[in-house]
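Chemist: Listed here are the chains, written in short residue letters.
There are 2 protein chains.
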Amino acid sequence: MAGIQDVAKKAGVGIGTVSRVLNKNGYVSEETRKKVEKAIEELNYTPNEIARNLIQNRTNIIAIIVPDVAYPYFAELTSEIEKCLREHGYKAMICNTSEERSNEQAYLDMLSRNMVDGILTATHSLNIENYIKTHKPIVSFDTIEVDGEIPVITVDHKRGGKLAAQELLNAGCRKILQFRNREMPEHFTFFDRHEEFEKTVKEGGSECINEYVNWNDFNLKHCESVIEECIKKYPDVDGFFSTDSAVLSYMKIAQLKGYKIPQDIKFVAYDGTSIVYSAYPTVTVVAQPIKELACSGVELLLDIINGKKPEKYRITHKVKLIKGMTTS
Amino acid sequence: MAGIQDVAKKAGVGIGTVSRVLNKNGYVSEETRKKVEKAIEELNYTPNEIARNLIQNRTNIIAIIVPDVAYPYFAELTSEIEKCLREHGYKAMICNTSEERSNEQAYLDMLSRNMVDGILTATHSLNIENYIKTHKPIVSFDTIEVDGEIPVITVDHKRGGKLAAQELLNAGCRKILQFRNREMPEHFTFFDRHEEFEKTVKEGGSECINEYVNWNDFNLKHCESVIEECIKKYPDVDGFFSTDSAVLSYMKIAQLKGYKIPQDIKFVAYDGTSIVYSAYPTVTVVAQPIKELACSGVELLLDIINGKKPEKYRITHKVKLIKGMTTS
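As given, the protein sequences belong to chains A and B, one line each in that order. Residue 2 is where the first sequence starts when you use the working numbering, and the numbers rise one by one after that. Residue 2 is where the second sequence starts when you use the working numbering, and the numbers rise one by one after that.
No wet-lab data here; the hints were simulated from the structure. You can trust all of the hints, since none of them are fake.
Put simply, identical chains are the same to the list, so a pair is met inside one copy or across any two.
With a straight-line cut-off of 27 Å between C-alpha atoms, the simulated DSS-like cross-links for lysine-lysine are:
| hint | residue 1 | residue 2 |
| --- | --- | --- |
| 1 | K137 | K39 |
| 2 | K324 | K258 |
| 3 | K309 | K134 |
| 4 | K324 | K253 |
| 5 | K261 | K324 |
| 6 | K253 | K321 |
| 7 | K203 | K234 |
| 8 | K321 | K222 |
| 9 | K39 | K134 |
Pulled out of the complex, with its shape left as it was, chain A reads as follows (with noise of 0.2 Å):
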């Protein structure tokens, strides 16, 4: 394969002017850029990006680490932060953690190598501490909320559940259950939305309860074993609350078993993203701004990266209800 060398030896002139030509900068005469060019063409080189990115310590690429990409929200949500992303010349690489811990530390070293420019997170089992110690862009969904250390993106999701609470309050549950996570690590912005959730059910006058699914599994099969025990032990629970397919598998269970909907269980799902949206019944839904999100965590990342400081370390998007049959 020809190198700068060769094309600059062709070409009859120096490898730093061949470099002008390459990354159009600085003054090279017509005559002489047309020189290169024509060896460039008979040589058929084409440029190392490797090397190019050593002299810039720069690879234009950020990390995107999600639980898992499968999960319709994390899906969304990598989607538009590739599209934003590209729009800003960076390359997106993706990485699913659920499984293994050692995969986010395995991310961070990357970093730590400059293998990657940043890391957009939207999880983290590991310590916070492991995060700040990279001294590297990052941003964070939803997650780590350290001031002055790493921005956080997120939704009001304080308001998120008591709309989601007033709507089947409104409706009339008054039994009515809401998923949590099970040993999930503190830090997370959306702890919020369970809690004014459960204050809001409970000033309404109306039970809440609580039912803890694993943290970080999105496994179909382990939801639906969880949402099975609950219809066992709480058959009377008139209201539902929890994420997207959460909903829509719970939702499928009862109607199996010959609940109806909205009659017999009212739900609310949280999220947003397009599964709700072909459901029947149409489903109630308290909607992130998933493509809003993606766009601010890029830009505010590409500003760190540049060497701006954030002039803000949290930025709240607001969330939306959207009506549908399950609470009317």
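We have chain A already, so just place chain B on it with the hints.
Modeler: Chain B only, in chain A's frame:
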């Protein structure tokens, strides 16, 4: 930041010795190894991965090209590919191409510029020639089929189409609708399922209507508008066959208009992503073995990267019919 020279100087050894310690190859005495490790620790030295890649001309990065990672089939395929790549020590870069054809060319160019070691593609909007002329490791899912050039991982789509048609015929359907792709480039292996579906329906004495959705358009709104139109044009269709998400959307819209499932209209979905398993009524589905597809694609690509000529240029996996309430 400390470089390898600083480590060598501090440890009182040559750069080659530091390199042997870092790469764990060649002989280094126990004493020397300890001295080098101490110097590495004291200087907080992290080897520059970019520099190492430059020497090896490898990045250990594989690009995954999909139309849109938010779409459930591609989300699950991408997730399984990433897990499998990770087991083999590779990283996954993703690229959504549905919106712009130029993205796909950009990734082919990256391959030429040694930014990625290989490509797994589940789409192609470009001419096959663009792929072939890279002369680099590429494995394609369901798409390009060029003997001796680009290997293909696929399923027995012909059998998938036949199974779906037979199931709807056995359930008594007389006027069956299937969605196909408008203006799709040739050389897609899944073309077969639509042909075989139509043939089988006709041989069974029923009517087969083909309706067209935009190729590579995974927008829910687009799909819903085509469905609305179909229900208007063919109110008496009694069987529908399409991908998971189109089937779920059709089920929703039909029920909103008062159709009963399966009494008035029956459904068979294609793909078998997790979204169909959370639906009620439970859906009859022709399922692809997504994990097996992903792993065989990864293994084949890594063989090619490591200089092994593929034994087969087409690996065909089996599909499976899983019966649900939508056809019984």
